[in-house]
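Participant: Input sequences plus hints: build the corresponding full structure.
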Amino acid sequence: MKKQMPEDLIEKSLFAELVQTAAIDLLPNEAETLCEELNGQMEIIRQLEAIPLDGNISPVIHGNPYPFDIRCGLRQDEWIPFADPQSIISQAPFSKDNFIVSPDVPHQRIG
Amino acid sequence: MNREFVRLTAFEQAQLIRTKQISASELLKASLVQMEQVEPLTHAFVTICEKEAKEKARAVDKKIAAGEPVGPLAGVPYSAKDLFCTRGIQTTGGSGILSGWLPPYDAAAIERMNQADAVLIGKTNCDEFGMGGTNENSAFQPCPRNPYDSERVAGGSSGGSAAAVATYEGTVSLGTDTGGSIREPAAFCGVVGLKPTYGRVSRWGTLAFASSMDTVGPITRSVRDAALMMNVLAGFDPRDNVTGRVSVPDYISEMKKEIKGLRVGISPDFLKVAVLASDGSIEDHPIEPEITAAVMRTAEILRSAGAEVITDVPMLNTKYSVPAYFVISRIEAYSNLQRYDGLKYGRPSQNHPVDMYDLFAKSREDGFGHEVKLRILTGLFMSRKDFYEKYYLRAQRARALIRSDYDRIFDPMGDYRLDVLLTPSTPLPAFRFDRKGCDPVLIQYADMFTSPMNFAGLPGISLPAGKTSDGLPIGVQFVGYDYCESKILRAAYIAEQTGTVAEGDCPERCSELDMGQSPFGNSPCL
Amino acid sequence: MDYIATIGLETHIQLNTKTKAFCSCKADSWNEPPNSNICPVCTGQPGALPSTNAEMVHKAVLLCHAVHAEINAVSFFDRKIYLYADMPGGYQVTQNGQPIGVGGYLDVEMEDGRVNRVRIDNLHMEEDAGKTRNDNGIRLIDLNRSGVPLVEMVTKPDLHTADEAAAYLIRLRRLVRWIGVSEGNMEKAQLRCDANVSVAPVGSDTSGRKCEIKNINSIDAVRRAITSEIERQIGELKAGRAVDQWTIEWDNDAKELRKMRSKENAVDYRFFREPNLMPVVLSPEQIRDWREELPEMPWARKQRFITDYGLPAYDAGILTAERDLSDYFEETFRFYGEDPKKVSNWMMNELVRLINDSGIAASALKIRPKHLAKIIQMIDGERVTPAVGKELINLVQESGKPPSLIAEERNLIMVSDETAIREICEKIISASPKETAAYRAGKETLLGWFTGQVMRETKGKADAKLAGKILKQMLE
Chain A
152 MKKQMPEDLI EKSLFAELVQ TAAIDLLPNE AETLCEELNG QMEIIRQLEA
202 IPLDGNISPV IHGNPYPFDI RCGLRQDEWI PFADPQSIIS QAPFSKDNFI
252 VSPDVPHQRI G
Chain B
805 MNREFVRLTA FEQAQLIRTK QISASELLKA SLVQMEQVEP LTHAFVTICE
855 KEAKEKARAV DKKIAAGEPV GPLAGVPYSA KDLFCTRGIQ TTGGSGILSG
905 WLPPYDAAAI ERMNQADAVL IGKTNCDEFG MGGTNENSAF QPCPRNPYDS
955 ERVAGGSSGG SAAAVATYEG TVSLGTDTGG SIREPAAFCG VVGLKPTYGR
1005 VSRWGTLAFA SSMDTVGPIT RSVRDAALMM NVLAGFDPRD NVTGRVSVPD
1055 YISEMKKEIK GLRVGISPDF LKVAVLASDG SIEDHPIEPE ITAAVMRTAE
1105 ILRSAGAEVI TDVPMLNTKY SVPAYFVISR IEAYSNLQRY DGLKYGRPSQ
1155 NHPVDMYDLF AKSREDGFGH EVKLRILTGL FMSRKDFYEK YYLRAQRARA
1205 LIRSDYDRIF DPMGDYRLDV LLTPSTPLPA FRFDRKGCDP VLIQYADMFT
1255 SPMNFAGLPG ISLPAGKTSD GLPIGVQFVG YDYCESKILR AAYIAEQTGT
1305 VAEGDCPERC SELDMGQSPF GNSPCL
Chain C
1077 MDYIATIGLE THIQLNTKTK AFCSCKADSW NEPPNSNICP VCTGQPGALP
1127 STNAEMVHKA VLLCHAVHAE INAVSFFDRK IYLYADMPGG YQVTQNGQPI
1177 GVGGYLDVEM EDGRVNRVRI DNLHMEEDAG KTRNDNGIRL IDLNRSGVPL
1227 VEMVTKPDLH TADEAAAYLI RLRRLVRWIG VSEGNMEKAQ LRCDANVSVA
1277 PVGSDTSGRK CEIKNINSID AVRRAITSEI ERQIGELKAG RAVDQWTIEW
1327 DNDAKELRKM RSKENAVDYR FFREPNLMPV VLSPEQIRDW REELPEMPWA
1377 RKQRFITDYG LPAYDAGILT AERDLSDYFE ETFRFYGEDP KKVSNWMMNE
1427 LVRLINDSGI AASALKIRPK HLAKIIQMID GERVTPAVGK ELINLVQESG
1477 KPPSLIAEER NLIMVSDETA IREICEKIIS ASPKETAAYR AGKETLLGWF
1527 TGQVMRETKG KADAKLAGKI LKQMLE
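Protein chains in written order, with our numbering: chain A, 152 to 262; chain B, 805 to 1330; chain C, 1077 to 1552.
Source of the hints: derived by calculation from the structure; they are not laboratory data.
Among the hints, erroneous ones may be present.
The calculated lysine to any residue pairs, modelled on SDA-like cross-linking and capped at a C-alpha distance of 25 Å, are [to be verified]: (1) A:K247 to B:V1158; (2) C:K1207 to B:P1157; (3) B:K1189 to C:P1233; (4) C:K1290 to A:Q171.
The structure displayed is predicted, hence computed values, not measured ones.
Facilitator: Okay, structure coming up:
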């Protein structure tokens, strides 16, 4: 295996930023393992560089094309109420007066 | 009660039920007994919905008694991977974070199976959110065992579905396939698995893994059952905007059409694992020779049935699909997993969250498994704003490149004019949980022959093609062009019917197996 | 040292479609119980998939046309990924890379008559978030608003004062209501904006570090929030401190700015194409047809009212405040056929009062333009008195019957029979000896009082001019 380029090394600070954005409260030893594994995957990611892509190739969102005659059209603006909204709210771990309940979001006043 | 009924195909069962030779309730009872005996060994299910199944079976029987028309899968007991939303029946996606969730709605595939009068018996285990190829990444342990060797994996992510179908726990199953998740476990468990064209079957109500590649398809014991299920599942659905407005043929009659002149290709690029390095160098790695032999044997069967076999079809960009698939699947997966926050459904952290962010982070820590966490972090890393071009856009361009190989070989005016491409389903048969005696490179590249089809959007079917000297099933795959499920079914049907594919147990002949012969060996359970 | 502020606005305009952006739930949940208009899609249930509302696209394109934006024949939806309690999918479906509209401008007339051209950077379609509110240390989440279609219209940093920003918003509100794409009610948060504010010393070529103020939901709040943020930044600069790049929220209850927690400030949003949706593809014919649907713009119509009807700018401004009011004027004028100023007076004095009192829009009034024209004609033809005319407006609105019929039925036709009026005048004079004496002693202004008595006696039906003439004769 080739040596990793420094730009691709995921340092502790970058890893911490990723974990925060991911919103996962990792245990310290778990974080260490995952950081190692993430760095271990850099080799696969960097293989992308080896793919010969000439300028004519445009990115695609799906593998198969969607010619006009098979493409799904836009949805008509017709109200079709969902039969049982209560069955959605009843699955929320915490609810009150038909609201879903979350712990508060702290704010900070200016000054 | 005749226990043998569980070994019939769905096609046969529905016929017997329609003609009142057995009742749906009787068949269900037989299936439940089978499950009771086999499940402690297979561990295929997360949830068994006996009550709902009995109700449905009774309803089917009532319809038949009243002389009302019934659907094509009348009374057929089936399972669904736990990624399909089932109204009021626990759906976990194999994840702790959804433990206990009762969906408010049914997936489109479940609706269609229900309309076809099939009877849902339970939800099968899978890798968490479909992310894995062994079914080990499930919050629900023990995970499914391989029916042919309980020391080995069933494959994944639809491992529970494949193991269930192979052990007659329900006749057919609904799976999902994002990188091989139907075809790989089907190959490992010696059953048939079809991944349709992207957009052929509605994904409505199916827990998302990588949205641009997720597909829904059947896992069965016969090609005809796969065709029958495709008749039920395929079609445009306005709720899934990526389904195509393409008419649905009768796959059973299409499957039976003449094979003479069908052009079948074999590519050397699908008979090896090409390991790409970041400097562009490539190292070829051989696959299991017994698997190559099975492909060749299948080609020979088709040739003698009248097909034209074209060898040496170059698929040079196949090797690039690994990194490109890796990037796209992680980025899409990461965003699809954002919604699991412990707030709206599933299991929140019991670890006293102090605020909203704390609830999210703790619930996700408690609820997600290791592999899912790794994929989220990988996806996050690769989708950083400054890497958008370098990774995401580049991978989407690579996708066009990989697709171009298929456009070329299936071009009716091109050099190859193929109808189907024949490949191994996997580079190795089912491997051991402890990985002992198995080539680690082949394990790492286990989805090398299946993920390119997800990346390119094309249909593929894996069917049993004999066994290794160790008695493990081998799967071969037919790949077709967009919306050409008919052709891959036709090739698979001939291979299956000719019988010589399987040295021992062609799936259609499963019912001929000695009743005392369990796939688990001399287990007393059957 | 003097400082100059640079302001860019991102306005969120709720489109008044029947259903939400990506599901078939009802979009308007005003006054409905929490979580009543929800479904698997807009609550982020696992497995749910979006499908694009055709009417959202239609209305977005109308708005693009109205601000002279260029319309992308192919536009894409993207996922904007962030975690928050009001965004159930964990990402917002929006348009990032290739939005529906690019460029364009809105000309904003300031109070001093100066026209401020505000350039538009882009317009994109997206889904609204749900609502959350505090309740004694917990957050209550209502997802009725989740998935309501929005157009976000982003300006270039062409604004420099709080007043300019307010004027822009007022102009935009009028526009979206006028072309019928949004109700534009800021109290209902159908129109709200984020403001990017930076301050730099006059003459310096670097603009200062910018702060984003989020969720401003009234014109008054725009003025207050921007003014106080400009002051805060100037204060920091004067004190020699750097302005931190904050995200600030306007607290509408406390009328003050508050800083959002640093986590909420993480601005490195990740975007990528939403693979569950097809791109929005519009043919040139479709784009052209929708442009032709666009009505005459309010400012153009105001100008036309001034030049074509000779109305004062004040009248033209009031009559074109709402599109249906201006339509009402033109239709009334068509029925009436002469003196547009007279129609304008009747509308501004009587009809606008009726609209304000009843809360009914001009287009929904029972009294139609032909009725109003008829009433004015009846007054002109001296069939009814102006006082009766005013009353007729209310009576037509109450009953929906034609004014001439009501006048007949209720016997409201003007009394102009000289003998009849003379009789009434005699009666009043003989019953008012004190006033008669005062008049005759020189207090001639009492003539008006006498006329009023006649009008009262006839319930406003007497020809007031004639009555005055007779009274004068009799008193002298």
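Participant: Taking the hints in turn, state whether each one holds.
Facilitator: Status of each hint after checking the structure:
no.: 1; hint: A:K247 to B:V1158; result: holds (18 Å)
no.: 2; hint: C:K1207 to B:P1157; result: holds (21 Å)
no.: 3; hint: B:K1189 to C:P1233; result: holds (23 Å)
no.: 4; hint: C:K1290 to A:Q171; result: holds (23 Å)
When each numbered hint is compared with the structure, no violation occurs for any of them.
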